[in-house]
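Residue numbers (our numbering), protein chains in the order written: chain A, 4 to 381; chain C, 87 to 268.
Keep in mind that the hints are not guaranteed to be accurate.
Capping the alpha-carbon separation at 25 Å, the derived lysine-lysine pairs in DSS-like fashion look like this [what the hints assert, rightly or not]:
hint, chain 1, residue 1, chain 2, residue 2
1, C, Lys245, A, Lys272
2, C, Lys250, A, Lys49
3, A, Lys295, A, Lys195
4, A, Lys366, C, Lys173
5, A, Lys6, C, Lys173
6, C, Lys150, A, Lys295
Short derived list, chain C residues pointing at chain A, Cβ under 8 Å [stated by the list, open to error]:
hint, residue
7, Ile106
8, Leu114
9, Ala120
10, Val121
11, Gln122
12, Thr123
13, Tyr148
14, Gln152
15, Ala167
16, His170
17, Lys173
18, Asp174
19, Gly176
20, Ala237
Label-pair distances were calculated between CB atoms; the ranges are [claimed, not checked]:
hint, chain 1, residue 1, chain 2, residue 2, range
21, A, Lys295, C, Ala167, 50 to 56 Å
22, C, Asp143, A, Ala248, 56 to 62 Å
23, A, His227, C, Arg88, 29 to 35 Å
24, A, Ala221, C, Asp143, 54 to 60 Å
25, C, Gly98, A, His134, 44 to 50 Å
26, C, Leu103, A, Leu88, 30 to 36 Å
27, C, Ser236, A, Glu318, 33 to 39 Å
28, A, Gly73, C, Asn117, 40 to 46 Å
Worth flagging that the hints you see were computed from the coordinates, not collected in a lab. Glycine included, every Cβ here is placed at the ideal spot set by N, Cα and C.
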Amino acid sequence: MSKEYFLQGNEAYAKGALKAGCKFFAGYPITPSTEIAEDMARDLPKNGGVFIQMEDEIASIGAIIGASWGGSKTMTATSGPGFSLMQEGIGYAAMTETPLVIINIQRGSPSTGQPTMASQSDVMQARWGSHGDYEIIVLSPSSVQECFDFTVKSFNLSEKYRVPVIVLGDEIVAHMREKIVIPDNVEIIPRKMPKESPEEFLLCKADENSTPNMPVFAEGYNVHVTGLTHDERGYPDTNNPQEHAKLVSRLCNKILKNREDITSTDSYKCEDAEIVLISYGAPSRSVITAVKNARNEGIKAGFLKLNTIWPFPDEEVKKLAKSADNIIMVEMNLGQLVNEVKRVAQGDAKVSLFGKIGGEIHKPLEILSFIKKVQGGN
Amino acid sequence: MRTEMRIAGFGGQGIILAGIVIGKAAALYDNIYAVQTQSYGPEARGGASRTELVISDEEIDYPKVQNPDILVAMSHEAMMAYLHDLKDNGILIVDPDMINEEEILPFIKEHNIKYYHAPATKTANEKIGLPIVANIVMLGSITEITKIISADAVIKSIKDSVPKGTEDKNLLAFEAGRKIVQ
Numbered sequence: 004m005s006k007e008y009f010l011q012g013n014e015a016y017a018k019g020a021l022k023a024g025c026k027f028f029a030g031y032p033i034t035p036s037t038e039i040a041e042d043m044a045r046d047l048p049k050n051g052g053v054f055i056q057m058e059d060e061i062a063s064i065g066a067i068i069g070a071s072w073g074g075s076k077t078m079t080a081t082s083g084p085g086f087s088l089m090q091e092g093i094g095y096a097a098m099t100e101t102p103l104v105i106i107n108i109q110r111g112s113p114s115t116g117q118p119t120m121a122s123q124s125d126v127m128q129a130r131w132g133s134h135g136d137y138e139i140i141v142l143s144p145s146s147v148q149e150c151f152d153f154t155v156k157s158f159n160l161s162e163k164y165r166v167p168v169i170v171l172g173d174e175i176v177a178h179m180r181e182k183i184v185i186p187d188n189v190e191i192i193p194r195k196m197p198k199e200s201p202e203e204f205l206l207c208k209a210d211e212n213s214t215p216n217m218p219v220f221a222e223g224y225n226v227h228v229t230g231l232t233h234d235e236r237g238y239p240d241t242n243n244p245q246e247h248a249k250l251v252s253r254l255c256n257k258i259l260k261n262r263e264d265i266t267s268t269d270s271y272k273c274e275d276a277e278i279v280l281i282s283y284g285a286p287s288r289s290v291i292t293a294v295k296n297a298r299n300e301g302i303k304a305g306f307l308k309l310n311t312i313w314p315f316p317d318e319e320v321k322k323l324a325k326s327a328d329n330i331i332m333v334e335m336n337l338g339q340l341v342n343e344v345k346r347v348a349q350g351d352a353k354v355s356l357f358g359k360i361g362g363e364i365h366k367p368l369e370i371l372s373f374i375k376k377v378q379g380g381n
Numbered sequence: 087m088r089t090e091m092r093i094a095g096f097g098g099q100g101i102i103l104a105g106i107v108i109g110k111a112a113a114l115y116d117n118i119y120a121v122q123t124q125s126y127g128p129e130a131r132g133g134a135s136r137t138e139l140v141i142s143d144e145e146i147d148y149p150k151v152q153n154p155d156i157l158v159a160m161s162h163e164a165m166m167a168y169l170h171d172l173k174d175n176g177i178l179i180v181d182p183d184m185i186n187e188e189e190i191l192p193f194i195k196e197h198n199i200k201y202y203h204a205p206a207t208k209t210a211n212e213k214i215g216l217p218i219v220a221n222i223v224m225l226g227s228i229t230e231i232t233k234i235i236s237a238d239a240v241i242k243s244i245k246d247s248v249p250k251g252t253e254d255k256n257l258l259a260f261e262a263g264r265k266i267v268q
C-alpha cells in the first residue's frame, strides 16, 4: 500500500528522513530550509526520536555526529551560510566514518546572499568544503518525489559506506508542491554492528577499500573516535606515513571503487543525440522541456540528468562524450560541475556552459536558443 | 493541455492556501497533474502575495508560470502588476470591490480578455459573516468559471486543507463563490 500527498519539497525531505528511520535531528533553522526543521520538530518526537534546535550550525553537526555514535540515524538541514559553518564537522565525520545526512537547500550566494531565491552554487563546496583528501556522496533531487526518494537513499548510502551524505537541494524544488507517492515500506539499510566480541574487535580494522562495521557507545566495545590519523584500534598514530596513507586511501577508495553502486543518472533520448544536455536539480525541469521542443524542431538533442553528482558519474558522461558532438551543461551558477564534464569529455566532445545566477531557473526557450547557438557553431 | 494560473493579492488574504487547495484538488482528486509555486518574499502580511499553478493532463516538466491563461486578482496592485502577462483571450477574474476597473477596460478590449467579477470579499462578509473566507469564496468562483478542476475535487481538497472545525463554514463559502458567478 502507498499513500498520495500534495506536498512541498521540504515536507517531502522530512517525510523521507522519518521513513528511513531518522531518530535524531539537530539544526538551526535557516531559509529556505526551515520547513524541514519545522516538520521534524513536529513529527520526530511522535516517532520516538529527538529534535534539538542548536545554538548554531557548528553545534548542529557536532550533535548529529555524537548521536550517530550513540546509535541513531541522524540528520540536519541548512542552507549556504550554515553549510559553511558545518565544514569542519563534515571532515571530522568523513575521517571518523560517521554515517549522517545533511540537507543543504541552496540559495543565492556567496555569504547570506538571497535567502528566498534558488541557486546551485554550493556544488564544489559540497565536494571540497572541508580540508583534506576525502570523498563523500552528494545527491540532487529535481522533483518533490525525488526529495523523498533521495533522502531515503541518502540514509542508506550513509550507513552502507559510513560516510556523510549530502542532499544538495535548491529553493525551487524545496518550495514547490506536487503530488508524491509514499510507500508503506521502503528499503532500509540498518547500522552494521560488529560480529566479533568486544575483546576481539578492533574499531578501525578494515580490508582495503572496504567499510568496517560500527559499534555504538555503551555496548561494551572499546570505541575511541578521533579525527587524528588513527590505527586499527582507533588510537592516534599521527607520525606513521604508511598508516596515514593506508587510512586516507581507504576512506577515499571505499567510495571511488564503488562508484557504480553509488552513482545514478537518467537519460532521455541520448542514443542518437548530437547535442547532449546535462543538468541536475531544478534546472532539469527546464532542460527536459527544451529537449522535447528541440526534438520537435528536428534537432537531435538528448538529456542526461545527474541524480548523484558526487562521486561524479565519469563513465556515463564519457560514454556520451564519445557519441555526441556537443555537451551543454545547464546549472544555476557561473560554472562549477561543468569543469568535471570538461575533465571527462576532454578530446571527445565540445563542452559549453549555460550558467545562470540571480535566483530563477533557466526558461525552456532560453535553453532552446542556446542549443541552436551551439548547433550553429558547428 | 497545459493551463497556467496566477492568483494574486496581498499577504493575509489566504492567496497561497487557495493555490494549494486547487493544486491538491487537481493532483489528488481529479487525477491530473499540478505544480503549485508561490512568490516567496520576506513579508508576512500586507505585502504582495502570489501563487501560481500549472495544471495539465500530461506530466509537468517546467514548473513555473510564464504567461498565465487565467489571472485572479484580489487587489488592484496585484491586478496592475500581472495583467500584462495574461495571454490574449485569457481569463481575468477580479474581486470588483478591491480594484478600480477603469484603468484596465481598454486592455481587456484590446486583448479580447474574458472578464469576470467575483465579489469574494463582500460575499464573505455579508453571506458568511467571516471576511477570512474570501479566498474560499474566490475558489468557488474560479472553479465555476474556469472548470479546470471539478467542484467535487475542490470540496474534498478544502476538507483536508482547512483547520479542523472550520470545514462547514468553508464549504458554505465555496458554494457562495460558485453562485455569485452563475
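For each hint, the structure was consulted:
Distance restraint check for Lys245 of chain C and Lys272 of chain A: the Cα-Cα separation of roughly 42 Å exceeds the 25 Å cut-off, and the hinted pair is therefore not satisfied. A distance of roughly 20 Å separates the Cα atoms of Lys250 of chain C and Lys49 of chain A; the hinted pair therefore holds under the 25 Å criterion. Of the supplied pair hints, the one linking Lys295 of chain A and Lys195 of chain A is violated, its CA atoms being roughly 45 Å apart against a limit of 25 Å. Proposed proximity of Lys366 of chain A and Lys173 of chain C is supported: the alpha carbons are some 17 Å apart, at most 25 Å.
Under the criterion of a C-alpha separation no larger than 25 Å, the hint pairing Lys6 of chain A with Lys173 of chain C is inconsistent with the structure, at around 37 Å. At roughly 17 Å between alpha-carbon atoms, Lys150 of chain C and Lys295 of chain A fall within 25 Å of each other, so this suggested pair holds. With a least beta-carbon distance of about 6 Å to chain A, the hint placing Ile106 of chain C at the interface is held under the 8 Å criterion. Interface hint status for Leu114 of chain C: upheld, as the beta-carbon distance to the closest one in chain A is roughly 6 Å, under 8 Å.
For Ala120 of chain C, the shortest C-beta to C-beta distance to chain A is roughly 7 Å, which falls under 8 Å, so the interface hint holds. Hint on Val121 of chain C holds. Least Cβ distance to chain A is approximately 5 Å, under the 8 Å limit. Contact between Gln122 of chain C and chain A, as hinted, is supported at the beta carbon level, the nearest pair being about 4 Å apart and thus within 8 Å. Nearest Cβ of chain A to the Cβ of Thr123 of chain C: about 5 Å, under the 8 Å cut. The hint holds.
Annotation: Tyr148 of chain C was flagged as interfacial toward chain A, and the flag holds, the nearest CB pair being 4 Å apart, inside 8 Å. Satisfaction of the interface hint for Gln152 of chain C is found here, the shortest Cβ-Cβ separation to chain A being roughly 7 Å, below the 8 Å cut-off. Look at Ala167 of chain C: its Cβ only gets to about 17 Å from chain A, farther than 8 Å, so that hint breaks. For His170 of chain C, the interface hint is violated, since its Cβ never comes within 8 Å of a Cβ in chain A; the closest pair sits about 17 Å apart.
Contact between Lys173 of chain C and chain A, as hinted, is not supported at the beta carbon level, the nearest pair being about 15 Å apart and thus beyond 8 Å. Interface hint status for Asp174 of chain C: violated, as the beta-carbon distance to the closest one in chain A is roughly 18 Å, over 8 Å. Taking 8 Å as the C-beta contact cut-off toward chain A, the hint placing Gly176 of chain C at the interface is violated, the least distance being around 19 Å. Contact between Ala237 of chain C and chain A, as hinted, is not supported at the beta carbon level, the nearest pair being about 18 Å apart and thus beyond 8 Å.
At roughly 31 Å, the beta carbons of Lys295 of chain A and Ala167 of chain C sit outside the given window of 50 to 56 Å. At roughly 59 Å, the beta carbons of Asp143 of chain C and Ala248 of chain A sit within the given window of 56 to 62 Å. Remark: the range hint 29 to 35 Å for His227 of chain A to Arg88 of chain C is contradicted by a beta-carbon distance near 59 Å. Against the hinted window of 54 to 60 Å, the Cβ-Cβ separation of Ala221 of chain A and Asp143 of chain C comes to about 57 Å, which satisfies the hint.
As the Cβ distance of Gly98 of chain C to His134 of chain A is approximately 48 Å, the hint placing it in 44 to 50 Å holds. The supplied range of 30 to 36 Å is met by Leu103 of chain C and Leu88 of chain A, whose beta-carbon atoms lie about 35 Å from each other. The hint said 33 to 39 Å for the Cβ distance between Ser236 of chain C and Glu318 of chain A, and at roughly 48 Å that hint is violated. For the hinted restraint 40 to 46 Å between Gly73 of chain A and Asn117 of chain C, the CB-CB distance of approximately 45 Å keeps it satisfied.
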